[in-house]
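Spelled out from the first residue to the last, the chains are:
Number of protein chains: 2
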Amino acid sequence: MSTHPPALLADEPLVVVNLGVDEFVDSVRDAGGEATTLDWRPVGDGDARLAWSLAQLASDAQDPDSVGSRIDRANALAVERIIAAQPMLVDVALHARDVWPDLDRTLLHAGAPVAWDAMCGPMRGAMIGALLYERWADSAEAAEKMLRAGAIRLEQCHDRQAVGPMSGIISSSMPVFVVKNVAHGNVAYSNMSEGIGRVLRFGANGEDVIARLRWIETVLAPTLRAAVRGAGGIDLKAIQAQALLMGDEVHSRNAAATLQLLSAVTVALADAGVDAKAARESLRFIAGNSQFFLNLSMVASKATMDAAHGIDASSVVTAMARNGVTTAIRVSGLGSRWFEAPSDMPIGLYFTGFRKEDANADLGDSAICETAGFGGFSLAASPALVQLVGGSVAEAVAYSREMYDVTVARNPGMSLPALDFAGTPCGIDVRKVVDNGIRPVITTGIAHREAGVGQIGAGIVRAPMACFTQAVLALAERLGVQ
Amino acid sequence: MSTHPPALLADEPLVVVNLGVDEFVDSVRDAGGEATTLDWRPVGDGDARLAWSLAQLASDAQDPDSVGSRIDRANALAVERIIAAQPMLVDVALHARDVWPDLDRTLLHAGAPVAWDAMCGPMRGAMIGALLYERWADSAEAAEKMLRAGAIRLEQCHDRQAVGPMSGIISSSMPVFVVKNVAHGNVAYSNMSEGIGRVLRFGANGEDVIARLRWIETVLAPTLRAAVRGAGGIDLKAIQAQALLMGDEVHSRNAAATLQLLSAVTVALADAGVDAKAARESLRFIAGNSQFFLNLSMVASKATMDAAHGIDASSVVTAMARNGVTTAIRVSGLGSRWFEAPSDMPIGLYFTGFRKEDANADLGDSAICETAGFGGFSLAASPALVQLVGGSVAEAVAYSREMYDVTVARNPGMSLPALDFAGTPCGIDVRKVVDNGIRPVITTGIAHREAGVGQIGAGIVRAPMACFTQAVLALAERLGVQ
Chain V
9 MSTHPPALLA DEPLVVVNLG VDEFVDSVRD AGGEATTLDW RPVGDGDARL
59 AWSLAQLASD AQDPDSVGSR IDRANALAVE RIIAAQPMLV DVALHARDVW
109 PDLDRTLLHA GAPVAWDAMC GPMRGAMIGA LLYERWADSA EAAEKMLRAG
159 AIRLEQCHDR QAVGPMSGII SSSMPVFVVK NVAHGNVAYS NMSEGIGRVL
209 RFGANGEDVI ARLRWIETVL APTLRAAVRG AGGIDLKAIQ AQALLMGDEV
259 HSRNAAATLQ LLSAVTVALA DAGVDAKAAR ESLRFIAGNS QFFLNLSMVA
309 SKATMDAAHG IDASSVVTAM ARNGVTTAIR VSGLGSRWFE APSDMPIGLY
359 FTGFRKEDAN ADLGDSAICE TAGFGGFSLA ASPALVQLVG GSVAEAVAYS
409 REMYDVTVAR NPGMSLPALD FAGTPCGIDV RKVVDNGIRP VITTGIAHRE
459 AGVGQIGAGI VRAPMACFTQ AVLALAERLG VQ
Chain L
9 MSTHPPALLA DEPLVVVNLG VDEFVDSVRD AGGEATTLDW RPVGDGDARL
59 AWSLAQLASD AQDPDSVGSR IDRANALAVE RIIAAQPMLV DVALHARDVW
109 PDLDRTLLHA GAPVAWDAMC GPMRGAMIGA LLYERWADSA EAAEKMLRAG
159 AIRLEQCHDR QAVGPMSGII SSSMPVFVVK NVAHGNVAYS NMSEGIGRVL
209 RFGANGEDVI ARLRWIETVL APTLRAAVRG AGGIDLKAIQ AQALLMGDEV
259 HSRNAAATLQ LLSAVTVALA DAGVDAKAAR ESLRFIAGNS QFFLNLSMVA
309 SKATMDAAHG IDASSVVTAM ARNGVTTAIR VSGLGSRWFE APSDMPIGLY
359 FTGFRKEDAN ADLGDSAICE TAGFGGFSLA ASPALVQLVG GSVAEAVAYS
409 REMYDVTVAR NPGMSLPALD FAGTPCGIDV RKVVDNGIRP VITTGIAHRE
459 AGVGQIGAGI VRAPMACFTQ AVLALAERLG VQ
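Chain order of the listed sequences is V and L. Per our numbering, the very first residue in the first sequence carries number 9; after that it's consecutive. Per our numbering, the very first residue in the second sequence carries number 9; after that it's consecutive.
Bear in mind the hints are in silico, worked out from the structure with no lab data behind them. Check before you lean on any hint, since a few could be wrong.
Computed footprint of chain L on chain V, listed as stretches where at least three residues anywhere in the stretch have a Cβ under 8 Å from a Cβ of chain L [what the hints assert, rightly or not]: (1) 205-215; (2) 258-268; (3) 280-288.
We treat Cβ as the ideally placed atom computed from N, Cα and C, and that holds for glycine.
Construct the entire structure; sequences and hints are all you get.
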């Protein structure tokens, strides 16, 4: 800070430190002065209602009867449930309709509700593919016509306690993983990884894509069911925790987690007496797809976060999801309402032949991983991934450190080796996101914006601030401080 | 440094910086002065012959005809071969005698030659076990009598291009891995991991130990042979490189490497048509032993380092090995001569019920991993291991950084994520070890000093300096500078 007296009195050069609004700087410089601009913004970004709400909701250890203290207690319970969660892969349902008998002519999709007209290309491509797979349409044109006409009911995965990566389509005949959080008793579901390349979740829908979906339904799913049942369940939390020690953040890198799953499946299959050809094909498929565990990391995260949902007054985020147009969050104490804002574009590396103009906006339910403390929040665990997005190891560590500033606790069951085994950032508090002006960071795949192309890169993205400001205002309203 | 004039002239208090010899300090302090001791030692630790030899062997970029430049060129070739190595697991020999038909009544062991009378407890225990396993003796007492009487020929593993962890016993009926360095054409061998707990390599020799050895011979080895042959070989270098990105230093931690091996074996076995029960038992055995890959990391390192051996004038270390009494090294340009010195005691963590007084001195051929740049040299890759030895992540990184000061190059094929993907320290130069006074660091298991007990802990140890000073003197003699 300047120690000079006011310039008009001392007739010395102006030396000014400017907070926030840039417009003041020009006049200082025009007058021959020096100006340093600090990147400061008022709480709530100048929105008086938001700033007032934040102040009312703030933690106040001195006053246990304050609204802030009530929120803190609710949040403590929420993170207690996150930390105590024990997601186990307990079964594989051979068809989604076995779990949800009402799933005829219905598609589940990633993110918040979105109409066909507003929908992004890859999700449209995936929906068309799902209709072909289900044989509800016999051509892409017929499928598109049905979808445009509203002949297919669209629902969010999250409302069925399910999650799906990228477009996240789950249809009646697709097999789903069944994961039980045995600590809390709740159950969650996800579809299965199709591998890399041309895949439905990125919007591809050619004959190869449909044929692979049928193989997953008829070969992989029964084989994995036999393995899971034979093993008496597979402990997904243990795999996630081990994988953090082995270079995965269990969102965009699942190499170690997939190998651990393969080990568990291999040992279980050896006893299960399944068809040898099916076992061989299934093991080779998993061994050849280092992201196979992603869907399991997602559903484990979903089973974990659902246990923390519905706690009155809690400001902890229990879901972040993207439909390719908007990013949406749910908050423990605010029911099933989505707080939505337009999705950002991911920043990252593109496969040869593609560039950022080809990219779709951030997409998929996979940000449930970050919601549970993995992915971008655990980037310190995964230096190999930082190489992918062009950064240094120090940057990876910095992302995890930054996320401590938006979370309630550190998860003692999930350690980050590069931070001397500190627990992962756990329980995003919408108040902290807004108050500190720090948006949650997400590691993500990048889909082509047009239907039918598929994945074109991988990178990182941040959730839009507007999701969190809306949630803060809604919480203030609900708790009667507005 | 002090800016004071000499005390006798100025009559001011003495302020002294003392280099090296401590005895001067007392008289300064007695006279009321302050003394700071710098931990400085003359090159060669005061040994004039050694210091002179080092000076003659030193690198001198200005003079390409100097002995130092000749050594540098030889060392460049040595590290070129280390970096170019491509160790592949190409076969499993069902019995060591299939590789070495002259192996009757012979035991191979770790480290340099050692007579029965001088031998450490765990190696004695393992040798007794091997005689029981081979049915060359029908009781431990009879076996000991035969060994004491010299009825069994003892040889070093290294002289058969082989390596074995801890006591490193290889006998006629044991199966061995066959690893070919396809870049150079040489072949190396090792025995197979017995798992953890009571095992021969740590000196245990009870009925359970012998029974497991028979199972390895009759079930595991044929199964792995079928898998390796079915796969057309398994690329060990690729597994080592990937494992460094996944938290292993592939000596004392091989969790990720073992999972990768399991993945390769699983996929190959699915096609190999082996007996289902044997496949099941073998896969479960590997999946249940996160150190299973150690023996393969060792033999891959041996196949790598043997390619760098025998280069005239090279001062690169091509083997470090411990027989439980001495640590011994071989140097590329110095033939098959071992340079030996008494082994240090490892520093580390002990299993419940044991303490450092129970420990045997450093033991085993596994320091071949460090010789090739893994283990202690790659400790930066393995923060989980540093937790085991009680250190911080910064300490792990510091060990790897320190090892750059004793090596010729960085291996671009083996990256350390925590050092922003710098290559591993590659090619120990005996000149640098002595000149910098830095002893190579080794991660290691700790054996009980008595025969028959087994592993009691894990930790780190450094190779004795005397191995390297002897090698420097021998190199000087060989190159005619003495």
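Cross-check of the supplied hints:
Counting residues of the region 205-215 of chain V whose C-beta sits closer than 8 Å to any C-beta of chain L gives 0, which falls short of three, so the coverage hint is violated. A count of 4 residues in the region 258-268 of chain V with a Cβ less than 8 Å from any Cβ of chain L is obtained; the coverage claim is therefore met, three being the minimum. For a cut-off of 8 Å, the count of residues in the region 280-288 of chain V with a CB near a CB of chain L stands at 3, and the three-residue condition holds.
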